[in-house]
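2 protein chains.
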Amino acid sequence: MSSKIRVGIAGYGNLGRGVELALAQNPDMELVSVFTRRDPASLRLQSAGVPVRALDQIEQYRNDIDVLILCGGSKNDLPEQGPALARWFTTVDSFDTHARIPEYYEAVDAAAKGAGTTALIAVGWDPGLFSLNRLYGECVLPVGQTYTFWGKGLSQGHSDAIRRVAGVAGGVQYTLPIEAAVQRVRNGEQPELSTREKHKRQCFVVLEEGASADAVREAIVTMPDYFADYDTEVNFIDAETLARDHAAMPHGGFVIRSGQSGAGSQQVVEYALNLGSNPEFTSSVLVAYARAAYRMNQQGQIGAQSVLDVAPGLLSPKSPAQLRKELL
Amino acid sequence: MSSKIRVGIAGYGNLGRGVELALAQNPDMELVSVFTRRDPASLRLQSAGVPVRALDQIEQYRNDIDVLILCGGSKNDLPEQGPALARWFTTVDSFDTHARIPEYYEAVDAAAKGAGTTALIAVGWDPGLFSLNRLYGECVLPVGQTYTFWGKGLSQGHSDAIRRVAGVAGGVQYTLPIEAAVQRVRNGEQPELSTREKHKRQCFVVLEEGASADAVREAIVTMPDYFADYDTEVNFIDAETLARDHAAMPHGGFVIRSGQSGAGSQQVVEYALNLGSNPEFTSSVLVAYARAAYRMNQQGQIGAQSVLDVAPGLLSPKSPAQLRKELL
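Chains A and B, in that order, are what the protein sequence lines are.
In terms of the UniProt record's numbering, the first sequence opens at residue 1 and continues consecutively.
In terms of the UniProt record's numbering, the second sequence opens at residue 1 and continues consecutively.
Worth double-checking, as some hints may not be accurate.
Because identical chains share one entry, a pair is satisfied inside a single copy or across any pair of copies.
Subject to a maximum C-alpha distance of 30 Å in a straight line, what follows is the list of computed DSBU-like cross-link-like pairs (lysine-lysine) [to be verified]:
id : residue 1 : residue 2
1  : K75       : K4
2  : K152      : K198
3  : K113      : K198
4  : K4        : K200
5  : K4        : K198
6  : K113      : K318
7  : K75       : K325
8  : K200      : K318
9  : K318      : K75
10 : K200      : K113
11 : K75       : K113
12 : K4        : K318
13 : K4        : K152
14 : K200      : K152
To be clear, the hints were calculated from the coordinates, so they are not data collected in a lab.
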């Protein structure tokens, strides 16, 4: 019998591949199977000897897996998979449609409570580590303001929006925090900042043959919700440059709490991420929280949970005594 | 009957006064009494109508207080008060002698378990919020290095050491992180840094009449443990300047985790504090954790605990549903 935590992966895109690699950095956990909706024979894993199985057969493996990491997308996969898989497994997912978290929580909670499983939802960095820092900030400095800035980072949603514009053959969009605004917040000014004052948008676009650059630029910068409220820079490049210089998926950002403690002293708390690979980092966070989900389930803490419910020590393979000695 | 959390303060120095002010920023909590070893009649509180009582009479108020915040010092007060008061009260303290935390934990744990109380120890920012960030960092990026830098900030221990030097009438010491080292860490270089490469020390000293500046400087910069391993700058000032420019107690610092995720991508996580008043901030952290200590005790989580054991949501006056909606 293995004493390692037995982990399954459901879904094998960027996130699933990242989870597979992150598990290799955590010797107390082992990957026992990858589940996919594609033909299992078509998947080539990075690890040797790990079976790939059909997702619709997953129920029969419920006794072989301690925690299942859901690596599907928030838009189409998780709303269905989250509640369905929580009926059979303790799960962790990175559901990140902020506005729908309450309803997703309810659906997953009902399934998990009925089954006696633990379902840790909305894990990653935003929601996730950024949420934690928004919480710690407002609890230790109840009089103050919280600011979240994102970037520099590739935004998948905005890149998709660009690629839907007529005349566009390819493209990416980077979100950039406006440094002057970040500096004002760090200085403790607590400014009121409009959308346009906080972030700008930078696009790199490959045109289809014969398309008008001016028309494409206009369609992008005036696009409601995505670009109209921002200063947007549109750069035209060729397909080769796009492939060579814009394949990485960096991201990051800041959560800053600026407040006054009791006698009026200025206090500023900042949490910053500078990520070379957004999906790899999210995967690493998912794996640490998979350890916690397993332990919470063992301790009888069933139902849906979020990072706000997880005692930090549960994330570590070290014993509580070792953590107190090394980290306090 | 009040539905507020009823809080007592044991010890009324900088920290106790800070806790009193922080409580006023948290409407779900109320200060019911301050306890002191001094003559209670000699204390003037900042709040109206709160009784001051003798610390040696505290046991008779055990039913009037939900959580007692211990505001004594780590060297002489807490080693005795921590275990003694945990026999009667759920407590929170800022014990910060890092090397002695394991033995302090054991002593307090035995007292609290015997009494059915909860004792949250070593709360503040280091140990405390910095410990949390060291933990989150190493759990999400198990392959990497953690760096802690302190400052710019006034160090009480080093200021005391200066004042013990013959010929010194007064003085303060600031710890400063070395910016070039911080920058290398932020860049993801993961350098090996010596003590001297991480921090420097800046002293402002008032000489006694007739004392030799050269002799005092030499005594300071060669002092083992405190200064010998650092580049130390000694500035001589007059008593008026000391009182005017060096009465504030700013502090802060950084915890940086630099690591590689699965496919080798560079990932950097930084937590930074820029504190106008160190004791006021520590007091604010103590008050947020007092709320959590009370709740943990209500939930039956008794014995000694640290910030690593506290589920973040317990720190907030908001409901779990509200937190999910607003912060995730």
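Status of the hints after comparison with the structure:
1. Taking the shortest Cα distances, K75 and K4 never come within 30 Å of each other, neither inside one copy (32 Å) nor across copies (42 Å).
2. Taking the closest pair of Cα atoms, K152 and K198 come within 30 Å of each other both inside a single copy (12 Å) and across two copies (28 Å).
3. Taking the shortest alpha-carbon separations for K113 and K198, neither the intra-copy value of 41 Å nor the inter-copy value of 50 Å comes in at or below 30 Å.
4. Taking the shortest alpha-carbon separations for K4 and K200, neither the intra-copy value of 46 Å nor the inter-copy value of 45 Å comes in at or below 30 Å.
5. In this assembly of identical chains, the alpha carbons of K4 and K198 never lie at most 30 Å apart, being 45 Å within a copy and 38 Å across copies at closest.
6. For a Cα distance limit of 30 Å, the shortest separation of K113 from K318 qualifies both inside one copy, at 29 Å, and across copies, at 23 Å.
7. In this assembly of identical chains, the alpha carbons of K75 and K325 lie at most 30 Å apart only when taken from different copies (18 Å versus 43 Å within one copy).
8. When the C-alpha separation of K200 and K318 is checked against a cutoff of 30 Å, the pair qualifies neither within a copy, at 42 Å, nor between copies, at 33 Å.
9. Taking the shortest Cα distances, K318 and K75 sit within 30 Å of each other only across copies (28 Å), while inside one copy they are farther apart (36 Å).
10. Taking CA atoms no more than 30 Å apart as the test, K200 paired with K113 passes in neither setting, with 43 Å inside one copy and 55 Å between copies.
11. Taking the closest pair of Cα atoms, K75 and K113 come within 30 Å of each other only inside a single copy of the chain (24 Å); across copies the shortest separation is 47 Å, beyond that limit.
12. Proximity of K4 to K318 under the C-alpha cut-off of 30 Å is restricted to the intra-copy arrangement: shortest distance 14 Å within a copy versus 37 Å between copies.
13. Taking the shortest Cα distances, K4 and K152 never come within 30 Å of each other, neither inside one copy (37 Å) nor across copies (44 Å).
14. Taking the shortest alpha-carbon separations for K200 and K152, only the intra-copy value of 10 Å comes in at or below 30 Å, while the best inter-copy value is 32 Å.
Hint compliance for this structure: hints 1, 3, 4, 5, 8, 10 and 13 are broken, all remaining hints hold.
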